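**Student:** So you can see what is in the structure, the chains are spelled out below.
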Amino acid sequence: MAKLTNIFNNRRSWAAPYALFLVLFVVLPLIMIVFYAFHDASGTFTVHNFTKFFTTNTDLNRFIYSIGIAIITTLICILLGYPAAYIMASAEFNTPKVMAILFILPMWVNFLLRTIATAELFSMLGMPLREGALLFGMVYDFLPFMIYPIYNTIQKLDNSYLEAARDLGATPLQVFTKVTLPLSMPGIYSGIVMVFMPTVSTFAISEILTENNIHLFGTTIQESINSGTMLNYGAALSLIMLVIIGITSLIGNNDNSESREGGLL
Amino acid sequence: MKTKHIIAKTYLWILIAVLYTPIVMIIVFSFTKSKVLGNWTGFSIDLYKNLFSGNSGIGLNSAIINTIIIALIAAFFATLLGTLAAIGIYNMRQRERNILLFTNNIPMINPDIITGVSLFFLFVALGVTQGMATIIIAHIVFCTPYVVLSVMPRLTKMNPNIYEAALDLGATPFQALRKVLIPELLPGMISGFILSITLSIDDFGVTYFTKGSGGIETLSTFIYADARRGGLTPELRPLFSLIFLVILIMLVIINIRASKKTNK
Numbered sequence: 318m319a320k321l322t323n324i325f326n327n328r329r330s331w332a333a334p335y336a337l338f339l340v341l342f343v344v345l346p347l348i349m350i351v352f353y354a355f356h357d358a359s360g361t362f363t364v365h366n367f368t369k370f371f372t373t374n375t376d377l378n379r380f381i382y383s384i385g386i387a388i389i390t391t392l393i394c395i396l397l398g399y400p401a402a403y404i405m406a407s408a409e410f411n412t413p414k415v416m417a418i419l420f421i422l423p424m425w426v427n428f429l430l431r432t433i434a435t436a437e438l439f440s441m442l443g444m445p446l447r448e449g450a451l452l453f454g455m456v457y458d459f460l461p462f463m464i465y466p467i468y469n470t471i472q473k474l475d476n477s478y479l480e481a482a483r484d485l486g487a488t489p490l491q492v493f494t495k496v497t498l499p500l501s502m503p504g505i506y507s508g509i510v511m512v513f514m515p516t517v518s519t520f521a522i523s524e525i526l527t528e529n530n531i532h533l534f535g536t537t538i539q540e541s542i543n544s545g546t547m548l549n550y551g552a553a554l555s556l557i558m559l560v561i562i563g564i565t566s567l568i569g570n571n572d573n574s575e576s577r578e579g580g581l582l
Numbered sequence: 150m151k152t153k154h155i156i157a158k159t160y161l162w163i164l165i166a167v168l169y170t171p172i173v174m175i176i177v178f179s180f181t182k183s184k185v186l187g188n189w190t191g192f193s194i195d196l197y198k199n200l201f202s203g204n205s206g207i208g209l210n211s212a213i214i215n216t217i218i219i220a221l222i223a224a225f226f227a228t229l230l231g232t233l234a235a236i237g238i239y240n241m242r243q244r245e246r247n248i249l250l251f252t253n254n255i256p257m258i259n260p261d262i263i264t265g266v267s268l269f270f271l272f273v274a275l276g277v278t279q280g281m282a283t284i285i286i287a288h289i290v291f292c293t294p295y296v297v298l299s300v301m302p303r304l305t306k307m308n309p310n311i312y313e314a315a316l317d318l319g320a321t322p323f324q325a326l327r328k329v330l331i332p333e334l335l336p337g338m339i340s341g342f343i344l345s346i347t348l349s350i351d352d353f354g355v356t357y358f359t360k361g362s363g364g365i366e367t368l369s370t371f372i373y374a375d376a377r378r379g380g381l382t383p384e385l386r387p388l389f390s391l392i393f394l395v396i397l398i399m400l401v402i403i404n405i406r407a408s409k410k411t412n413k
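For the protein sequence lines, the chains are D and R, in the order given. Going by my numbering, the first residue of the first sequence is number 318, and it counts up by one from there. Going by my numbering, the first residue of the second sequence is number 150, and it counts up by one from there.
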């Protein structure tokens, strides 16, 4: 009993179960990826999985192509999403708050089903299911993830900065480029992370939207893991993906937890 | 000035129209019997009837049930684990706190495929047969960080002396927890729980790699398998039309309430 009271009093230790859980189910699995990546199927150390990747042209090309698609998707999302977020957030346009909710509402319909519906829409309109469809589908699926963090940062902007800039003689364009835009960069950064990460790693969306014509890097990983015989190769590819993720999150490391917090309801 | 506003509003509405076209299509085609989405064979509510009478096939029924069971169990444990963790982290020294919060961020930053694949390798290495249990563990992994982040702000806003006062006034630590701490944290816990349910129901990537080969499907993996076979179970259309409608009504109610509160 005395021990139990001790645990209650030392509230620091309440995090112990979760700390243990994190080590077991977050840290250890990542170590497992590294372990499998540097071993072959029989369990001996090797770097063959990596040399195989860098010498297999189809896989390397898919990798580069996926990064390209993800970058283009992210750019389109910024170009389309920033004005939308700006219009909704700035007091000038006086848009009702419901508008922002309208943009996240579609996310409650399963994204695979929405993607299938998008593919049907393309075929109904007689448009080919190729790159264009893929880009449209990606932007369609992830645009809300770009709009929301930007919307949040612009909304929190201190209006007195804008007023000060105007009082000091800045033109509306100058106010935007010198005050609003620089101050909304944190939102853009977390938007980039939230759009780039899933687009660079997806496999289901490209399969549905191009009828398996275009293979992305995610599909390569998924196929290697599913084959059962290329597990270690799949691990090496996942590790390469992890490196990309690491680099991206470093770029977007502007405390994006704040703009995500409670973002969905 | 006026034209600028008109252009801005038009832009927003065009975006929204494009965003909703696929959803409107799902809803419209939930009222026809045809097997293929996009093929109108006359008005019918047969798909709704099938959905509610369980005539939509064993696959879909068990996928729906699995999805609900997994979401509820995962959200429950995520809320429990996350709330305790948040209290613990709040009382930690800076260094420990930073380490834990950093690790807490990993599942949020990692894309589904990495979380799924990494857990897949863990379960393979441990020789665990993958199925319902491994899916639930995986869902707890990516839900708990959000619970921690929704409970933490409640803790920082709370007056830390209230808990101490309860203890000084003779409450046992457990009573203080139940009567002081939990009521204070409840809003954060509830939003963490709801967010967990949403994330769990919507998940595809993590589930896909941790469900094993035992034939367990959730709604997402069921839809994916369906799409790969080339035909979508038609009853999915009324199902998601209904889900969408329920969420829409819920959000409208929440917003009307919120705007009433701010008006007072």
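Please keep in mind that the hints were generated in silico from the structure rather than gathered at the bench. Values in this document were obtained by computation on a predicted structure and should not be read as measured data. A portion of the hints provided could be inaccurate.
Claimed, not checked - Distance ranges between label pairs, derived from CB positions:
#1 D:Gly563 - R:Ile218: 29 to 37 Å
#2 D:Asp484 - R:Ile248: 44 to 52 Å
#3 R:Lys328 - D:Asn529: 54 to 62 Å
#4 R:Ile218 - D:Leu337: 45 to 53 Å
#5 R:Pro302 - D:Pro413: 47 to 55 Å
#6 R:Ser211 - D:Asn529: 23 to 31 Å
#7 D:Asn529 - R:Gly364: 18 to 26 Å
#8 D:Leu396 - R:Phe225: 39 to 47 Å
#9 R:Ser183 - D:Asn529: 40 to 48 Å
From the three backbone atoms N, C-alpha and C, an ideal C-beta is built for every residue, glycine too.
**Student:** Mind checking the hinted window 44 to 52 Å against the Cβ distance between D:Asp484 and R:Ile248?
**Tutor:** This hint holds: roughly 46 Å between Cβ atoms.
**Student:** Does the hinted range 40 to 48 Å hold for R:Ser183 and D:Asn529 at CB?
**Tutor:** 24 Å, violated
**Student:** I want to verify a distance hint. Is the separation of the beta carbons of D:Leu396 and R:Phe225 within 39 to 47 Å?
**Tutor:** Between D:Leu396 and R:Phe225, where Cβ atoms are some 42 Å apart, the hint holds.
**Student:** With 23 to 31 Å as the target window, see if R:Ser211 and D:Asn529 comply at their CB atoms.
**Tutor:** 27 Å, holds
**Student:** Holds or violated: the 29 to 37 Å window for the beta-carbon distance between D:Gly563 and R:Ile218?
**Tutor:** 35 Å, holds
**Student:** Is it true that the C-beta distance of R:Pro302 to D:Pro413 lies inside 47 to 55 Å, as the hint says?
**Tutor:** 26 Å, violated
**Student:** Should the hint that R:Ile218 and D:Leu337 are 45 to 53 Å apart at their CB atoms be regarded as holding?
**Tutor:** Given range 45 to 53 Å: violated, Cβ gap about 25 Å.
**Student:** Does the hinted range 18 to 26 Å hold for D:Asn529 and R:Gly364 at CB?
**Tutor:** 23 Å, holds
**Student:** Is the distance from the Cβ of R:Lys328 to the Cβ of D:Asn529 consistent with 54 to 62 Å?
**Tutor:** 58 Å, holds
The structure is inconsistent with the numbered hints 4, 5 and 9, although it conforms to all the rest.
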